[in-house]
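Q: Chain by chain, the residues:
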Amino acid sequence: MFARTAWLIFRKDLTVEVRSRETIATTLFFAVSAVLVFAFALVKEGRVVADAAAGILWIAIAFSGTLALGRTFERERYTDTLRALMLAPSDRPAIYAGKLAAVLAMILAAEVVLVPLVAFLFDAAFLKRPAMLAGLLVLGTLGFASVGTLFAAMLVRARSRDVLLPVLLYPITIPVMIAGVRGTAALAQPVPDQPMALFWLMLLAAFDAVFVTLSLWTFEPLMVD
Amino acid sequence: MSPRTFPLVVVAAIAGFMAAPFLIAAAPYESTMGLVQKIFYFHAPSGMMMFLAAFLSGGASAVYLFKGRPAADRLGLAAAELTVLFGLIVLVTGPLWARKAWGVWWQWDFRLTSSLLVWMVFVAYLLVRKYGGPGSDKLAAVVALFGAANVPFVYVSVNVWRTLHPKTTVVPSLGPGMREPGPP
Amino acid sequence: MTIDFDRLEIDGVTRYYGRRRALHNVTFSCGAGEVVAVLGPNGAGKSTLLAVISTLIAPNGGEVRYGSHTARSAGALLRHRLGWLGHELQVYPELTARENLQFFARLMGVSDENAAVAAALASSRLESRAEEPVSGFSRGMRQRLALERALIHRPRLILLDEPFTGLDGPSSDALALRLRALAQAGTLVLLATHDVDLADQVLDRAMVLQSGRLTDVVAGAGWRQAYRAATRREH
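Heads up: the sequence lines are chains A, B and C, in that order. Read in order, the letters of the first sequence are residues 12 to 236 in the working numbering. Read in order, the letters of the second sequence are residues -9 to 174 in the working numbering. Read in order, the letters of the third sequence are residues 53 to 287 in the working numbering.
Looking at chain A on its own, in the form it has when it is part of the complex:
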């Protein structure tokens, strides 16, 4: 029942997204703009400060991920369908799981474009270890999205929700940012520092395990008044 409901919601979200293409288009565009802004800020004499490419990538992911999170719940708020989902006879955490999977898919889809773009613009070498890079991106985005989905859901009925989401999300996901940036930077070294990247990968895995669990536990008490 849980898996079925989560899958149903995941598929519905992706269908809606594919039809409207709104979230992924705006997310991707915003991410690229962010990358360009950082480029103008940080590129000196045609080269970027060492390790900055990794930082730029993850900041772009964080900013555009926040947008995507806001959009998926704004839509449910506008049509009041979140209430319909909450009134379904299934386990309520399944709603969280479905929405998380969908927003994760959308942000990862944006990263498919973003990562090669950043590597290309800043001549960064992190694509040399694609498997580990993919691991960092997936686990890092999951960490960010797991907390973000919960917060975005709970802010649906709050005032000042647009400004509160980043205010709440960024401080808590700083460990994810640190792990993502340092891990990616480790992979971008002339000799990729694999043990270091592996350490950050494991930290991300631990973060994901803790915060997905916490989110599943707190989703229902949070959403029912």
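It is worth saying that the hints were derived from the structure and are not from the lab. Beta carbons: idealized from backbone N, C-alpha and C, even for Gly. Don't take each hint at face value.
Where chain C lies over chain A, by a calculated footprint (3+ residues, C-beta under 8 Å) [unchecked claim]:
| # | segment |
| --- | --- |
| 1 | 22 to 34 |
| 2 | 81 to 94 |
Every beta carbon over 12 Å from chain A, so not counted as near; a handful from chain B, in silico [to be verified]:
| # | residue |
| --- | --- |
| 3 | PHE(-4) |
| 4 | ALA2 |
| 5 | ALA9 |
| 6 | ILE29 |
| 7 | TYR54 |
| 8 | THR103 |
| 9 | VAL108 |
Not everything, but these chain A residues come out facing chain C in the computed CB check (under 8 Å) [as the list claims (entries may be wrong)]:
| # | residue |
| --- | --- |
| 10 | THR16 |
| 11 | VAL43 |
| 12 | LEU47 |
| 13 | MET97 |
| 14 | ALA99 |
| 15 | PRO100 |
| 16 | SER101 |
| 17 | ASP102 |
| 18 | VAL235 |
| 19 | ASP236 |
For this one, chain A is given, so just place chains B and C on it according to the hints.
A: Just chains B and C now, kept in the frame of chain A:
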């Protein structure tokens, strides 16, 4: 607090405030730093109190979320306010020390940076309570719970980030006991 | 495992939002086959009461009983028997009418999904537009679709929050007839509205809320005058 314990607590606090200046003045001067080192009598205990209050707020918030007891919510709010207050002391005294000791206000050392991150989460708690509208007590409770659960991750990630990538030129030039703020 | 009930008992329900008292000691009961209105001016607490009955909000005092069950005792199973139609229509504009109905049918655990969707399309007279995205529908069409969405799992209790808002005359009458038919089939229909001009043949009884209190219960002929008198008393 019950009407009987409150006067006792007030008396204890007054006694503490009166004795503290004498105790601090009577402590021996540290050889190289001199008077400035005494700021530690504010900095270190405030740091401990800040983390204690953070965990207390997180725990009380979890109880409030799952059991709905209003007393737990009040405790969570009070502890969050204390976290912010003690955190503020840490974040003011730390740079004051650093400026005198190393000539730099902030150099991303891992304890101060970790404190800053935990402090920010609890400032966010207070912002949610103030600006979140109705139902913001539960929203804030989640923030406190997640903030408290985050402390080990902040600790590890900031620690590894700093120790493997030392930043400024000031640090390597200091004597070995001087590099990290902490009890000597 | 399923549960069912034939009486709804609202017993001393109280609900606060901070200092503000949204509902105060509301007690009322009704049974399957009735159409009951919750009347009152804006801000009277109608939506809050409906939200409490729908189990999305817990009361601070009192309880709501569905037959012998409460929201706490029955848990998720109770939601099989509840339906909700709000002012925001709770359909996805990007999906087609059929996709919306299929999604909600699956979500609500309807066993004969295809038959239910076909029946829903038929009774909302949207069969010809079934494959079009809902974003192109008029309000009346969306309302008909939303009503079918709310009923697709054949709930025992259907809660409607201001369902007649934005409907023209013929659509209003059609909705009223539909609600009557539902009641005759054994559903308990509870609707909240601040609009008194409803078809007389729809309502069996009406409860009047003012500032969170149940001030009157009116029934039978002349309920409209009784309601107007009750609200005039407040001013």
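Q: Each hint needs a verdict: does it hold in this structure or not?
A: Taking the hints in turn, this is what the structure says about them:
1. 22 to 34: Check passed, 5 qualifying residues.
2. 81 to 94: It holds, with 5 qualifying residues against the three required.
3. PHE(-4): 33 Å, holds
4. ALA2: 34 Å, holds
5. ALA9: 37 Å, holds
6. ILE29: Given that every Cβ of chain A is farther than 12 Å from that of ILE29 (chain B), nearest at about 26 Å, it holds.
7. TYR54: 9 Å, violated
8. THR103: 9 Å, violated
9. VAL108: Given a closest Cβ separation of 8 Å, the condition is violated.
10. THR16: Hint on THR16 (chain A): holds, closest Cβ of chain C at ~7 Å, below 8 Å.
11. VAL43: Check failed: Cβ of VAL43 (chain A) comes no nearer than 25 Å to chain C, outside 8 Å.
12. LEU47: Interface hint status for LEU47 (chain A): violated (30 Å vs cutoff 8 Å).
13. MET97: 6 Å, holds
14. ALA99: This hint holds: ALA99 (chain A) lies near chain C, its Cβ roughly 5 Å from the closest one there, short of 8 Å.
15. PRO100: Holds: closest Cβ of chain C sits about 4 Å from PRO100 (chain A), inside 8 Å.
16. SER101: 7 Å, holds
17. ASP102: Holds: closest Cβ of chain C sits about 7 Å from ASP102 (chain A), inside 8 Å.
18. VAL235: 6 Å, holds
19. ASP236: Hint holds; ASP236 (chain A) Cβ to chain C Cβ min 4 Å, cut 8 Å.
Of the hints listed earlier, those the structure fails to meet are numbers 7, 8, 9, 11, 12, in rising order.
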